[in-house]
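Peer 1: So the sequence lines, in the order shown, correspond to chains A, B and C. For the working numbering, add 1 to where a residue sits in the first sequence, where the first one is 1. For the working numbering, add 266 to where a residue sits in the second sequence, where the first one is 1. For the working numbering, add 29 to where a residue sits in the third sequence, where the first one is 1.
Because the hints were derived from the structure by calculation, they are not lab data. Ideal Cβ positions, reconstructed from N, Cα and C, are used throughout, including at glycine. Accuracy of the hints is not assured; some may be wrong.
Claimed, not checked - Restraint-style ranges between C-beta atoms, simulated for each label pair:
1. A:VAL47 <-> C:ILE41: 51 to 59 Å
2. C:ALA131 <-> A:GLY57: 54 to 62 Å
3. B:GLN329 <-> A:VAL289: 34 to 42 Å
4. C:PRO251 <-> A:GLU209: 30 to 38 Å
5. B:VAL323 <-> A:VAL214: 20 to 28 Å
6. C:GLY224 <-> A:ALA457: 29 to 37 Å
7. A:ALA452 <-> B:GLN329: 53 to 61 Å
8. B:HIS293 <-> A:HIS103: 34 to 42 Å
9. C:ALA234 <-> A:GLY57: 35 to 43 Å
10. A:HIS103 <-> B:THR355: 24 to 32 Å
11. A:ILE458 <-> C:GLY496: 53 to 61 Å
12. A:SER3 <-> B:SER348: 39 to 47 Å
13. C:ALA131 <-> A:ASP369: 39 to 47 Å
Said to hold, decoys possible - For the chain A half of the interface with chain B, some residues (derived, Cβ under 10 Å), not all of them:
14. TRP59
15. TYR61
16. ILE147
17. GLY165
18. LEU185
19. SER188
20. ARG372
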Amino acid sequence: MSLGAQLPALLVLAPLAASALTFIAGRNVDRYVALGCAVVNTALAVALAARVLDVGAWRYEVGGWGAPLGIDLVADGPAALFVLLVAVVGLAVTVFATAYFHRDDPNAYGNGHFWTLWMFMWTSLNGLCLTGDAFNVYVCLELVGISAVGLAALKGDARALRAGARYLFANMLAAMTYLLGVALLYSATANLDMAMLRVVLAEGGPGESGAAVGIALMVAALVLKTALVPAHFWLPSAHSAAPTPVSAALSALVVKGTYFALLRIVLGMTPPGFVPGLNVLLGVLGAVAIIWGSIQALLQTRIKQFVAYSTVAQIGYLFIVFPLAGAGADVMSLALGGVLLHAATHGLAKSGLFMAAGSLMDRFGTDDLNRMRGAARTAPVLTMTVALAGVTMMGLPPSGGFGSKFQLATASISTGQWWWAVALGLGGLLAAAYMFRVLAIMLSGPADALAPADAAIRLEWLPLGLALAALFFVFAAPLVNELAAIGPLLASGAVTP
Amino acid sequence: MSTYLIYAVGGALIFSIGTYALLAQRHIMHKVIGANIMGSGIFMVLIALGKRTPDGVTDPVPQAMVLTGIVVTVALTALGLSIAKRYYTLTGLDDLDQDPPACDGR
Amino acid sequence: MMIWLPVLLPAIAALSTFLLGERRPRARNTLNLIAAAASVGTVVVLVIRAYGGEVAVGAIPMMSDLDLGVHSDLTGLLFSTVATVLWMITLVYAIGYMEHAADQARFFGFFALCIAAANGVALATDPVSLFVFYEILTLTTYPLVVHSGTPEALAAGRKYLLYALTGGTLLLLGNAWLYALAGPTPFTPGGALAGVETHTTALRAIFFLMAAGFGVKAAIMPLHGWLPGAMVAPAPVSSLLHAVAVVKAGVFGIIRLINELYGPALASSLGVAQVLAAFAAASIIVASVIALRQDDLKKRLAYSTVAQLSYITLGVALCSPLAAAGALAHLAHHAFMKITMFFTAGSLAETLHVKKLSEMGGVARRMPVTMGSFAVAAFALAGIPPLAGFASKWLLGSGSVEAGASWALIVYVAAGALAMGYMVPILLAAMRPGDHGAPEGVESDPRMLWPIVIVAAMSIVLGLTAGLPGSPVHWALTAVAPAFGGVTP
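So here's chain A without its partners, still in its complex pose (with noise of 0.2 Å):
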């Protein structure tokens, strides 16, 4: 098997292998040795979206035991773009936190552990994206989630650690329910590999109904995961109360990776219509997450609050996919590329917007959001890098949030569902509603007081690179349409029963 082959292995083993490093790695090393497994885990990731575009999906069985007993890694396209989203996203972070984990800070949080953590996280999210495997879902959700919980109380006040409890609580639930939903997937089935599932689904048969509500229970676990409404009460008050590394992975990865489960299990795994009513609700639900994130954004006066109500609402484009299953090919691959864009770059921009909240915040000691009068002149860079997100947050061009409102307008007119392109249009306008009213305080005079830049100028402009970044991706759709139609994800959405 040549090395090409090996890649989903590698991208699970190479940051586990740096979080085992750092742990008894020295205060000194451990940012290096993060660093350098962030360097190392893009090209990875790089690697594998050039093979999977160049010789299409494949399949690598853990052990050498094949599916159904052992565990299948599934690297398509779509896994691909995630890993490789990850990747990028998790380089700036990585590269971030050396600036604001001061290394001769001896009582910053988080010194010891974050990266640590960080790093067993990205192996976790790693594994989420590429197993094929229902249960080993399960395993990467709890590794991901101890992983998030830790680091989202890594600041050990008070304030964390409640918003930690309540996230870990949250995952508790999500994790017991997912597991029921699995048993009884596998009474009805006796397998867990997800395509041949796939297969046995659409067959029917006597455990029909013990499966459908299993896939409920599956799916229900992981909305409470990606945080939709109204499942989203431990986001805000999590992605808000961590250090500001911790917070842009969190809102920018974490729910991603528990969504691309959800499109593997909704999409590549049921049939559908095999859940009766769980597409068009997922959808719904996607609409209302919508609407009412915007106007929760809308409420906030504390920056980081309202950075993370902006990905509830934003969480909700994610979800207009769901009821557009089954309506042909040319509509799913406009829809499921749609959503793949929409999660790439509001990836980048939430990250970006995130990480210049948090400065914001540390420049101005507070943060509370009427307070930044005047940040347009006194903190430029910053201020740019808010708007420009926004922009990803309006799904306005040229940033990629156009382009994957514009495909899923599409494909929901094409499909004569026209009102979910109504709620897209809204959920634009309200988004620009949230993002003006905050530029809108920046570029009022007088100007509050602030401290003076920090030295790292990687703290400002990494940032405005990630907001950048988004702001063009539209160009990158052709790219990530092509990504989206290899592998069995958007063949088996397509099809018509």
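Based on the hints, put chains B and C in the right spot on chain A.
Peer 2: Only chains B and C this time, still in chain A's reference frame:
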């Protein structure tokens, strides 16, 4: 009623009790214990399912799943307990619904 | 590559302006002027080639089978030429006007970005590309509207965004629907919708979505609410953006929509052009009447802009070759006339702190050259021959007759009279006795005076040369001919 069905139904009941505890109890420790009860219920369901094969041979996969599940639950519990302990030390509270004393956040 | 320069050059100027910050104002000004001159040069070359029948095309892959495309057709180049030439002149004016203002880097940076976006709107090859630039234009204008950061400016900015982004959303939905129905539809003179004409209901709905989207910037009543408020922006912004780039992007979109997306034949057989024409006609009359009653000079000019923009919309919506050419020519002529007036208003406000008609007594004595230029533009706007406004209005009027819509001719004539009605009082107010002192050697900063003289002179020159090749009138006649079957009227 066959044995595995008793196990499965009992497991489902225990799962529901645990879910109730996790959602309704306010004490952090109670919540952690609730999650553990949920887990135990699912493990019973899984073990019962392992018996249910046509040829009468026990299916090993559910047992492997139970083992994995136990490990995961242990990790979640440990994390929950350490957070609860630290939270109690810092604030004297054992209940997430009460607002902690004002704290600064970076 | 060259076809991208009208978009890229201002964008590069903007980027360097942002990077330079407030540190090197002279370098920044020089750089912006060089970029503007280079843009003008590029556009002129493109125009000469386009007249020779050579259309350059550039495209960047964007989504599945949609490209971000620009092309150098005559219609687009007319708008692009107006925008770039006036950018250069306005830059000189703005450098004088903003000399002691704060946040100049932000101002000039976004100013250049607006021009890049306007050029993109002008040259876009298809409705989706046009939408991309159209929305960028909305976004880049916002920081200029709220430039002063006062509560009043922020309120105006909020209103502007509410209107513009709602319009943009309608435009997006129209585009998505059109794409779902017909796939990619590059602009084609005479119409790009061959094969889907039978979907009349959908096509009507799409037309109104798009027309409403463009109508916000084109300030067709009742979508005009943002324009008078946006006048709180600094004078160069009012001049270039709210008289030229932004509002003209709206009417230009309508020109493309009718002439090159639906085609005049389809637009009138669907009955949608007639509805648009009715709205435009009503806007002309109502806005003119409102303008009569404004005391604030910039507000009066803003309502006059609303009326004049609807001249253009009405001209296109009549679906006759002469009226369409008149509309396109008026797009150019009105730009020169109206920018003269806004420059004047800016000079009065900056030099004499005069903002209302009731405070204008004596300004004609104090600033004879400035007010003389204003008078030329005012008479041109009212359609007095041989000035520029007359030429385009003549085309619009004969187009109305050609289209068999004599009611439109009545509207145009009535609106001309109303234009006299709202322009002459400004001149009278300026000639009233007042206490602004005797003329001095220099009326205002020369960098603010000369641009006014130049653009006012253009109103005369464009009127006198109408009909010669290269003048807006001849240009417009050539440009719209293909949309009507290639016959040059």
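Peer 1: Hints first: check each against the structure and report whether it holds.
Peer 2: How the hints compare with the structure:
no. : hint                              : verdict
1   : A:VAL47 <-> C:ILE41: 51 to 59 Å   : violated, 30 Å
2   : C:ALA131 <-> A:GLY57: 54 to 62 Å  : holds, 57 Å
3   : B:GLN329 <-> A:VAL289: 34 to 42 Å : holds, 41 Å
4   : C:PRO251 <-> A:GLU209: 30 to 38 Å : violated, 56 Å
5   : B:VAL323 <-> A:VAL214: 20 to 28 Å : holds, 26 Å
6   : C:GLY224 <-> A:ALA457: 29 to 37 Å : violated, 58 Å
7   : A:ALA452 <-> B:GLN329: 53 to 61 Å : holds, 58 Å
8   : B:HIS293 <-> A:HIS103: 34 to 42 Å : holds, 38 Å
9   : C:ALA234 <-> A:GLY57: 35 to 43 Å  : holds, 41 Å
10  : A:HIS103 <-> B:THR355: 24 to 32 Å : holds, 26 Å
11  : A:ILE458 <-> C:GLY496: 53 to 61 Å : holds, 59 Å
12  : A:SER3 <-> B:SER348: 39 to 47 Å   : holds, 44 Å
13  : C:ALA131 <-> A:ASP369: 39 to 47 Å : violated, 25 Å
14  : TRP59                             : violated, 24 Å
15  : TYR61                             : violated, 20 Å
16  : ILE147                            : holds, 6 Å
17  : GLY165                            : holds, 6 Å
18  : LEU185                            : holds, 8 Å
19  : SER188                            : holds, 4 Å
20  : ARG372                            : violated, 15 Å
Violated hints, listed in ascending order, are 1, 4, 6, 13, 14, 15, 20; each of the other numbered hints is respected by the structure.
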